[in-house]
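Dock chain B against the given chain A, drawing on the hints supplied.
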Amino acid sequence: MRVLAVLAVFGGGVAHGSLASLLRVGDVVPDIPLVVVVMLALRRGPEFGCLAGLVAGLLQDVTTGGLLGVQALTKALVGFAIGASGARLSVTSPLVQVPGLVLLTVAEGLARFGLLQMFRFPAPFGELMAYQVLPQALYNGFLGAVVVVALATADYLRPGRAS
Amino acid sequence: MKTRGLVLLAGTVLLCLVLLTVQARSQSSAPADALAALTAPIQTAVARTGHFAVGAWSTYREWRNVRAENVRLRDEIQRLRTATLQVDETVDENRRLRLLLSLQERLPLATLASEIIAREWGGWVRSLTIGRGRHDGVTRLMAVITPAGLVGRVVEVRHATAIVQLLTDPASTVGAHVVGTRTAGILEGQARGTMRFKFMARDGAGLKVGDLVVASGVGGLIPRGLPIGRIQSIDDRGSALFHFAALSPVVDLSRLEDVLVVMNQGGAPDLTAFFRPGDK
Numbered sequence: 006m007r008v009l010a011v012l013a014v015f016g017g018g019v020a021h022g023s024l025a026s027l028l029r030v031g032d033v034v035p036d037i038p039l040v041v042v043v044m045l046a047l048r049r050g051p052e053f054g055c056l057a058g059l060v061a062g063l064l065q066d067v068t069t070g071g072l073l074g075v076q077a078l079t080k081a082l083v084g085f086a087i088g089a090s091g092a093r094l095s096v097t098s099p100l101v102q103v104p105g106l107v108l109l110t111v112a113e114g115l116a117r118f119g120l121l122q123m124f125r126f127p128a129p130f131g132e133l134m135a136y137q138v139l140p141q142a143l144y145n146g147f148l149g150a151v152v153v154v155a156l157a158t159a160d161y162l163r164p165g166r167a168s
Numbered sequence: 024m025k026t027r028g029l030v031l032l033a034g035t036v037l038l039c040l041v042l043l044t045v046q047a048r049s050q051s052s053a054p055a056d057a058l059a060a061l062t063a064p065i066q067t068a069v070a071r072t073g074h075f076a077v078g079a080w081s082t083y084r085e086w087r088n089v090r091a092e093n094v095r096l097r098d099e100i101q102r103l104r105t106a107t108l109q110v111d112e113t114v115d116e117n118r119r120l121r122l123l124l125s126l127q128e129r130l131p132l133a134t135l136a137s138e139i140i141a142r143e144w145g146g147w148v149r150s151l152t153i154g155r156g157r158h159d160g161v162t163r164l165m166a167v168i169t170p171a172g173l174v175g176r177v178v179e180v181r182h183a184t185a186i187v188q189l190l191t192d193p194a195s196t197v198g199a200h201v202v203g204t205r206t207a208g209i210l211e212g213q214a215r216g217t218m219r220f221k222f223m224a225r226d227g228a229g230l231k232v233g234d235l236v237v238a239s240g241v242g243g244l245i246p247r248g249l250p251i252g253r254i255q256s257i258d259d260r261g262s263a264l265f266h267f268a269a270l271s272p273v274v275d276l277s278r279l280e281d282v283l284v285v286m287n288q289g290g291a292p293d294l295t296a297f298f299r300p301g302d303k
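Chains as they are written, first to last, in my numbering: chain A, 6 to 168; chain B, 24 to 303.
Okay, chain A solo, but in the shape it has when bound (with noise of 0.2 Å):
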């Protein structure tokens, strides 16, 4: 299981510079890692969530060609804070689950664009929010409601589940 969080972390930072294309819809392509981040922070708790969001944030940066660190930072701090949470607050229900998802996103959007900024980023807020971040968000709250009926199947089919 281990194993393949990691698998998931590394797979979903690399995988997104090369198959989120295939997913656009319009000029909008989810934040693959961010919705596994998210989704091992809620189950794993907040150390493996920062972990996670280090690498895959850490992964994204390299293949997407910005300044290193960037994500990074920003899906640590994600990843931590939602881990956290899901250790004090109920977050199992995908009720709750999706919404989160859609408000981490902009979450990670603002704490981007604020880390960004510090080194000179050129593009303005409203045009950034209006066309990337809010509807990556939605989109990554839509995936994320996959992501989750996947893991509940995944989850009732497992051999050995008691009844």
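Hints listed in this document are in silico derivations from the structure and should not be mistaken for laboratory results. Small disclaimer: the values here were computed from a predicted structure and weren't measured. Among the hints, erroneous ones may be present.
[Claimed, not checked] Computed beta-carbon distance windows for the label pairs:
{"id": "1", "chain 1": "A", "residue 1": "Val33", "chain 2": "B", "residue 2": "Gly73", "range": "15 to 25 Å"}
{"id": "2", "chain 1": "A", "residue 1": "Phe147", "chain 2": "B", "residue 2": "Ala106", "range": "48 to 58 Å"}
{"id": "3", "chain 1": "B", "residue 1": "Thr82", "chain 2": "A", "residue 2": "Ala135", "range": "35 to 45 Å"}
{"id": "4", "chain 1": "A", "residue 1": "Ala157", "chain 2": "B", "residue 2": "Thr72", "range": "26 to 36 Å"}
{"id": "5", "chain 1": "A", "residue 1": "Met134", "chain 2": "B", "residue 2": "Leu96", "range": "47 to 57 Å"}
[Claimed, not checked] Okay, the calculated bits of chain B under chain A, using three or more residues with CB under 8 Å as the criterion:
{"id": "6", "stretch": "29 to 39"}
{"id": "7", "stretch": "57 to 66"}
Idealized CB from N, CA, C, for every residue including glycine.
Structure of chain B alone, referenced to chain A:
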């Protein structure tokens, strides 16, 4: 556990900030290069796998489309072939019926058109069953013709059908003569499905291959001048009383579809001139 988490978070933030600072200050891309060296091959493999999967899916979809198109086109070809056959058949039938009608109109005889509904093609009996019978006024020994010439005569009549004995039936004999020389003789059917013209030696001196043999009208049963066949070969039997000539029939008896029954021939003239060599 809680402390370990916070330490981990702090370490992560520190690491990221260091990375960002190093890149911003020295414009160095060494950390990114190191990570890229690790991820590039995997990324390539993932991309290739993705492209392969997409390509395979596209190929499969195209194959399905081509297959469906193939099935549709085959069906259409089959339908068009059937339609073509139907058109050909209709055209052929139309041609035959026009010839039959044309003959019916120009002959000075009362005739009745009939469809052939069955045929007996064995060596013992060679006959046709036509779709006209007693109900239509057909009687025994009536001549049956086509636009090409004589086919045979009615030998049996039922309520709605009649049996026509073909000229090639082994039991068939018809009085005939050769156009031109007027050599008289008897036309006999043969078991192998051919006809021969039996004539007296002293009358047949001038016969040639290709001469037309027509019904003689002797006995008043079959109208005079109905074409029967052309001489194919002459069997000269020396001093024998009768000689024979093999005939090729002017009517293709194996491909008949429609015929005319001669209902009344009272006082008809020699009919040879009413038949055209090309009509079949």
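So, going through the hints one by one against the coordinates:
no.	hint	verdict
1	A:Val33 with B:Gly73: 15 to 25 Å	holds, 19 Å
2	A:Phe147 with B:Ala106: 48 to 58 Å	holds, 52 Å
3	B:Thr82 with A:Ala135: 35 to 45 Å	holds, 39 Å
4	A:Ala157 with B:Thr72: 26 to 36 Å	holds, 27 Å
5	A:Met134 with B:Leu96: 47 to 57 Å	holds, 53 Å
6	29 to 39	holds (count 6)
7	57 to 66	holds (count 5)
Consistency with the previously given hints is maintained throughout, with no hint failing.
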